[in-house]
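Undergrad: These protein sequence lines are chains A and B, in that order.
Numbering-wise (UniProt numbering), the first sequence opens with residue 1 and increments by one.
Numbering-wise (UniProt numbering), the second sequence opens with residue 1 and increments by one.
It is worth saying that the hints were derived from the structure and are not from the lab.
Glycine included, C-beta positions come from ideal geometry on N, C-alpha and C.
Any given hint might turn out to be false.
Rough simulated footprint, nothing fancy, chain A against chain B, three-plus residues with beta-carbon under 8 Å [unchecked claim]:
| hint | segment |
| --- | --- |
| 1 | 25 to 37 |
| 2 | 84 to 95 |
| 3 | 186 to 194 |
| 4 | 253 to 262 |
Pairs of lysine-lysine, PhoX-like flavour, derived with a Cα cap of 25 Å [to be verified]:
| hint | chain 1 | residue 1 | chain 2 | residue 2 |
| --- | --- | --- | --- | --- |
| 5 | B | Lys181 | A | Lys130 |
| 6 | A | Lys130 | B | Lys243 |
| 7 | A | Lys167 | B | Lys220 |
| 8 | B | Lys243 | B | Lys81 |
| 9 | A | Lys38 | B | Lys131 |
| 10 | B | Lys271 | B | Lys243 |
| 11 | B | Lys181 | A | Lys11 |
| 12 | B | Lys220 | B | Lys208 |
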Amino acid sequence: MRYRLVVRRYKQGWREAEYRAYEVDVDPDTSVLDALEKVSLEQDPTLTFEHACHHGVCGACGMVINGVERLACVTRIGEVARGGVVVVEPLRGFRVVSDLAVDKSRMFSQYALVEPGTLERVDGVVELEKLFDCVECGVCYSACPIANTFPEYLGPSVIALAYRSSKDGKVPAVLDSRRGVWACHAAFECSVRCPVGFKPGETIMKVRRGFLSGKLGVR
Amino acid sequence: MTKKVVVIGGGVTGAALAYDLALRGLRVTLLERGSIGSGTSGRTHGLLHSGCRYVADVEVARECYSENVVLRRIAPFLFEKNGGIFVAVDESDLEYKDFFLKKCEEAGIPVKEVSREEALKLEPNLNPDLKAAVLVPDGTFDPLKVILSFLASAKQRGADIRPYNEVVGFRVEGGEVKAVKVRDKVSLREYELEADFFVNATGAWAKKVARLAGLDVPVKPSPGVMVALDGRVGFRVFNRLNKPGDGDIIVHHRGTSVIGTTSWVVEDPDKVEAPREHVELLLRRGRELAPVTSKLRVKAVYVSSRPLVGSLPAGTGREVSRSFAIIDHSREGAGNMASVIGGKFTTARLMAEKTGDFVAERLGVSTPSRTAETPLAPYWAYFT
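Given these sequences and hints, build the entire structure.
TA: What follows is the structure, encoded as structure tokens:
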């Protein structure tokens with residue numbers, strides 16, 4: 001099948017972004033990421049985008065695909081194309097580095113709040129540990145109306161991760177502030193768009209209830 | 001004056017090497033044509049090898065296990081330490097068991113045989129007809145985050161990390177590489193970068209990159225297909241108790257199960273697609289290990305090209321380990337350049353240490369490698 005990929009391009013020093021169309025011949029079940037990689041290898045080596053695992057666990061390839069935030073690696077082109085056209089844009093709410101690659105430091109710079117619990121303990125027959133389900137893609141920031149308009153907002157995934165790694169019923173004090181759970185307008189776009197069902201919106205509500213009932217403290 | 005080194009390749013080998021060299025006090029610039037981990041490394045199945053998969057070669061197995069221990073020590077937050085389990089499903093697997101246990105002991109890998117009942121209690125989704133089971137110290141990881149941890153640590157020691165900067169040529173004069181020519185895709189300009197030493201750590205792409213300098217690297221890109229399922233069927237890594245073969249492993253991390261892998265050899269790692277029959281084979285073999293996998297949705301099919309070491313022409317390479325090689329380009333007219341190929345993700349730190357020794361010796365730097373004892377910075381520090 002022939003598809004038309006319309007990609008938002010932006011390079012350092014450009015006054016504004018531009019859209020460029022590429023024709024690509026792939027199966028409908030090819031991922032949007034593989035289609036983009038094919039373009040970068042065969043047509044335009046200057047096209048830049050972030051990608052690593054190609055199977056939905058590393059979170060590198062979050063993009064806005066035909067208006068919706070998705071991981072490009074687990075999005076089949078045939079399922080999202082409209083009339084054979086797929087428009088690909090960088091995530092919103094982050095600074096664009098180059099084309100589809102964005103600077104996620106806004107999210108990762110808050111990770112001191114998440115420490116040291118990057119591993120989740122799982123109850124089982126014996127003690128098990130797993131990496132958090134959150135793949136740290138930034139999709140929830142892009143989908144969130146607050147993260148898009150309030151740069152100081154901690155953001156959905158960071159709040160949820162900080163809560164999940166809380167100890168002795170205590171979370172970092174900043175969660176109980178305008179930058180934390182009280183900024184949320186309960187749009188739940190973060191949970192709707194989350195590619196792995198991490199549901200940050202529900203966690204934010206849980207933290208609010210915890211603060212109001214006094215069951216959750218701050219440290 | 002501080003010596004400058006350019007490392008080409010932003011996979012795990014390049015990242016670990018940039019860190020190793022920066023820790024020795026060298027001035028490092030790392031160049032990567034795409035985003036960090038966008039080549040082979042990012043696309044592994046995410047298995048932290050216990051070495052058990054390679055017990056037929058005790059040296060390789062021992063090397064894997066000792067690196068497994070080092071990585072868990074220097075960066076515990078990167079690894080799911082739930083271990084792995086080798087299971088015998090048929091008679092041929094069962095025949096392999098005694099050999100397997102004997103070799104694990106020889107390699108010093110702590111393993112423990114468990115009964116069928118216990119295995120099924122620990123991992124209820126394993127094939128209920130299993131005939132034997134052995135617990136091993138495998139682990140799993142998110143490849144990108146491991147690479148970013150090495151790079152964050154390198155940056156904290158002053159390394160300059162440049163993704164989207166592709167090497168498009170070399171300036172070679174008087175038997176030395178003077179500079180690399182780089183296309184910066186962020187600002188769309190080209191520039192030259194001079195250094196005292198250059199390391200080609202581009203893995204499966206090493207031949208393509210070396211050719212830009214008129215040099216040769218005996219690397220054989222060997223792709224393998226992996227099938228990612230939407231859902232996690234176990235906590236431990238599931239391995240078939242037999243010689244390494246197609247579709248004999250299921251690696252779990254986060255909420256995903258990855259069935260791997262196949263293997264063939266290509267010329268150009270930029271022209272690789274997953275053959276449909278490989279996908280079918282993997283799904284069929286995966287069902288033999290864990291029947292429940294047939295109920296899960298296929299989330300992604302992907303291919304990653306291993307940088308296998310081809311036959312080394314006499315005198316051009318120095319096999320520093322059974323599993324990887326450093327190619328010294330002196331005899332081909334580039335006295336200050338080397339390529340590093342082979343290895344596994346799990347042994348990247350060791351490869352970097354040995355390559356770092358090689359570079360340090362050439363540059364007259366006596367500082368030893370300290371990567372085995374120094375804790376790694378967390379991956380998120382890369383962004384801050």
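Undergrad: Hints first: check each against the structure and report whether it holds.
TA: Do the hints match the structure? See the list:
1. Coverage of a stretch by a chain is defined here by at least three residues with a beta carbon nearer than 8 Å to that chain's beta carbons; for the segment 25 to 37 of chain B and chain A the count is 5, and the condition holds.
2. Counting residues of the segment 84 to 95 of chain B whose beta carbon lies closer than 8 Å to any beta carbon of chain A gives 0, which falls short of the minimum of three for the stated coverage.
3. Figure legend: the segment 186 to 194 of chain B, annotated as covered by chain A; annotation consistent (3 residues with Cβ-Cβ distances under 8 Å, at least 3 required).
4. Interface restraint, the segment 253 to 262 of chain B with chain A: holds (5 residues with C-beta to C-beta distance below 8 Å; minimum three).
5. This hinted pair does not check out: Lys181 (chain B) and Lys130 (chain A) have alpha carbons roughly 43 Å apart, beyond 25 Å.
6. About 28 Å separates the Cα atoms of Lys130 (chain A) and Lys243 (chain B), which puts this hinted pair outside 25 Å; it is violated.
7. With a C-alpha separation of about 50 Å, the suggested pairing of Lys167 (chain A) with Lys220 (chain B) is violated against the 25 Å cut-off.
8. Taken as a hint, the Lys243 (chain B) and Lys81 (chain B) pair is honoured in the structure, with Cα atoms around 24 Å apart against an allowance of 25 Å.
9. Between Lys38 (chain A) and Lys131 (chain B) the alpha-carbon distance is near 45 Å, which puts this suggested pair outside the 25 Å criterion.
10. Taking the CA atoms of Lys271 (chain B) and Lys243 (chain B), the gap is near 29 Å; set against the 25 Å cutoff, the hint is violated.
11. Between Lys181 (chain B) and Lys11 (chain A) the alpha-carbon distance is near 20 Å, which keeps this suggested pair within the 25 Å criterion.
12. Only pairs whose Cα atoms come within 25 Å are accepted, and Lys220 (chain B) paired with Lys208 (chain B) is accepted, the gap being roughly 11 Å.
The structure shown violates the earlier hints numbered 2, 5, 6, 7, 9 and 10.
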